[in-house]
Amino acid sequence: MSNIIKIVPIIVILLLEVAFAQFSPGKLAKVHSFLEGTNNCTQCHEVGGKSLSSGCVECHLPIKIRIDQQKGLHKDKQEDCGTCHPDHNGLKFKLVYWKNGAENFDHKDIGFDLTDSHQKVECRKCHIQKNMIEESILKWIDKYPEELIVDRTWLGAANTCNGCHEDIHRGEVSQDCASCHTTSKWEESKTSYNHDLAKFQLTGEHQKVSCEKCHTIDKKQKPAVMKLTGLNYQTCGSCHTDIHKSAYGNTCEKCHTTQAGWTKNLIPFDHNDTKYPLKGRHLKQNCTACHTEKLLGSLPSYNKCSDCHVDKHQKQFNERLDQGACESCHTVDGFIPTSYTFADHNQSEFKIDGNHFAIPCVLCHQTQEKGQLKGFAQFKWDVLQCNSCHTDIHREQFVRRENPKLCETCHTTSSFNIVNFNHESTAYPLDGEHINVNCEKCHLSVKDRNGNFTRYYPIAHKCEDCHSFNEKNK
Amino acid sequence: MKYIHRTLLLIGIGSLLWTIWAIDQEAGNYYTASQLDRPRLETHSVWKPSGLYGHGLGIIGSSMLLLLFVYSIRKRVKIFRVWGRLPTWLNYHIFLGIAGPILITFHTTFKFGGLVSISYWSMIGVMLSGFIGRYVYVKIPRRISGNELSLDEIKQRKFELLETLKKEYGLKKDHLEIIEHFSGANALQNNKIIGFFSFLFLDLFGWFRYHTLVKQIAKSLNISQNDLKKLKILIKQDIKYTRQIAFWDAAHTIFHYWHVIHRPFAYIMIIIMLIHIGVSITLGYTWIF
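The listed protein sequences derive, respectively, from chains A and B. Quick note: the first sequence uses our numbering, first residue 1, plus one each step. Quick note: the second sequence uses our numbering, first residue 1, plus one each step.
Treat the hints as calculated values from the structure; they're not laboratory data. Computed from a prediction, not measured in an experiment: that's the story for all the values here. Even glycine gets a Cβ: it sits at the ideal position worked out from N, Cα and C. It cannot be assumed that every hint is accurate.
List time: in silico BS3-like cross-link candidates among lysine-lysine, alpha-carbon distance up to 27 Å [unchecked claim]:
1) A:94 x A:143
2) B:2 x B:215
3) A:208 x A:227
4) A:120 x A:143
5) B:111 x A:99
6) A:30 x A:92
7) A:92 x B:111
8) A:71 x A:27
9) A:185 x A:64
10) B:173 x B:229
11) A:185 x A:208
12) A:94 x B:111
13) B:111 x A:30
14) A:27 x B:240
15) A:227 x A:213
Label pairs and their calculated CB-CB ranges [claimed, not checked]:
16) B:271 x A:58: 41 to 49 Å
17) B:274 x A:100: 15 to 23 Å
18) A:83 x B:8: 55 to 63 Å
19) A:83 x B:274: 23 to 31 Å
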């Protein structure tokens, strides 16, 4: 009986204490407080197994998915969840613990390294519901709305640029923002874009051109961004003003490269492909001799030589049947010698014969010192007479006879000195002994202020004008 | 044999002190950290209650608590009475009753909650009541074997002692009255159970006047210095007998009630501890096994 009396208080004390106590070794953290109670132990704890994990991941399913997928911070977690997230440490205990603070978490550990500007961004700038895309996380958030998971979880945030950043390119370009932008100063990072990935690859001087030159900014759109797609890059003229005004076609690359000096250092061009193959002296000319800057707007005209060459004859031949075509006298092998022959010359008004064969052209076609042809050789005369070239040594004694071919009356082109004059045509026909008298017997050399000359006209033709009637002079 | 047990106990005490020192060295920072900070410490994994060391301390400590009951078995089961002297077992019982709670306290990491805290506080209760029990235990005169002396036996011993004092040292009736008065026997006898506190007071502070008492008696007897030493021992023994006789009834009454406290706490402690162990094993906390 006494033993029973002793046991009674034990039982009473036990019952009282058990009634107010539980097996829990400590209060659960606030977020798990709904699991308090002896009946809930196995909600987390696995009977017969130490691991908490199977119990944990029943609720924390997104974590299980990430562990299974070896993804994120839990990618290599094999141990009990309680190792890192020990519970039963009181309501105030934070189950998620960041040794150096969440803001100093080494984001590289989850395979998304924060660099440059990203390092300065507050965690919750990105880790907000708007940026969460993982379905499992979103379901989790919806499943436990009262737990305010969205305010606590770091999971589910998109790891693409557009996950957080607005796509200011409006989907016009690839979602691979990193191909153009970096995290340092993203708006200035466009130069890092590997343009080789584009259909239009940058070479030579194109590599130095600022992007906006081609990718113009459409300021009508907000935000104003460069036009990255829909650019017409097929022809150079899409960006460059065609100073040739399409005269050379659209195949700029036949002559130009993108290298420095592209306007001058042209690709060797086979002019034979053109309508004007180069020959003779033309082959030695610089392109710009014909394709001068003034002609950049169009192809040089090549129908006439004078399109390029200065007409050194000052249109003197324009009245010819060939309208002064240069090729009638000249070839591409040089301006001189001319291809104009005596035979050609004899087709002109002025036939070459006699001593004229022996004289160089320039003796007649002399460069003029005055007049309209000043500086140019004369090839056309209004009145073509001997004195056009020759000096009238007769001091115009015969001009008054009004004979246009006055000189030919006496002279031929064979020799000036062989005079073929018919004295019968004069007022003093020769006869008798007069026929045998030397000319200068009658036509004496006289002198005036310009010098000596032979007097032919007027001349006295009375006998006493020559003869004296003394014996001595008979 | 006596020395072997003493040596073993000394080794045990030494081991306990070394363990406390080692824990302080290795986990001092852990145990002094706040409850919220401890899980953040690297040492948490081993020193937490389910950690390698923490759990080990719990297992060793609870094993000690289980071993405590060997004393009870030895004391109560007849067939075990041939196993050594009861006071020796009591010494082990006391050692285990101190060492076990200390190790278990480290096992708890000073976090006392839930059902198992009942076991813990019961253990503390058992331990504290053990101190009281031990104190009352020694107030009951016993043989060397640990068996209690009867009141007549102790009175006989006192009588023999007084005869020695009278005959060999010449103590007079006055001297014996002074000793009787000094022992506080009247107060102990009159106060009955409350006399426990009187006893405690006399033990703590009464001995300050003891030397004055002995000198006073010795002066009147004019005895040699050598005899004085022996006299001191005899007078001390006389005072002890006198108090034990005076406190005899009270001591037994207290001891009777003490068992009612000490044992239930021990049972509660052990039952809940076993539940705690069972739950832990069920949930997979099997330490290194």
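How the hints compare with the structure:
1. A:94 x A:143: holds (21 Å)
2. B:2 x B:215: Violated, because 35 Å separates the two Cα atoms, which is more than 27 Å.
3. A:208 x A:227: holds (18 Å)
4. A:120 x A:143: violated (33 Å)
5. B:111 x A:99: holds (23 Å)
6. A:30 x A:92: holds (7 Å)
7. A:92 x B:111: holds (15 Å)
8. A:71 x A:27: Distance ~32 Å between residue 71 of chain A and residue 27 of chain A Cα, so the pair is violated.
9. A:185 x A:64: Violated, at about 37 Å.
10. B:173 x B:229: Given pair residue 173 of chain B, residue 229 of chain B holds - Cα atoms ~21 Å apart, limit 27 Å.
11. A:185 x A:208: Given that 27 Å is the threshold and the Cα spacing comes to 20 Å, the pair holds.
12. A:94 x B:111: Given pair residue 94 of chain A, residue 111 of chain B holds - Cα atoms ~17 Å apart, limit 27 Å.
13. B:111 x A:30: Holds, at about 18 Å.
14. A:27 x B:240: Roughly 52 Å separates the two Cα atoms, so the pair is violated.
15. A:227 x A:213: holds (11 Å)
16. B:271 x A:58: 41 to 49 Å: violated (33 Å)
17. B:274 x A:100: 15 to 23 Å: violated (43 Å)
18. A:83 x B:8: 55 to 63 Å: Since residue 83 of chain A and residue 8 of chain B have Cβ atoms about 40 Å apart, the given range 55 to 63 Å is violated.
19. A:83 x B:274: 23 to 31 Å: holds (28 Å)
When each numbered hint is compared with the structure, violations occur for hints 2, 4, 8, 9, 14, 16, 17 and 18.
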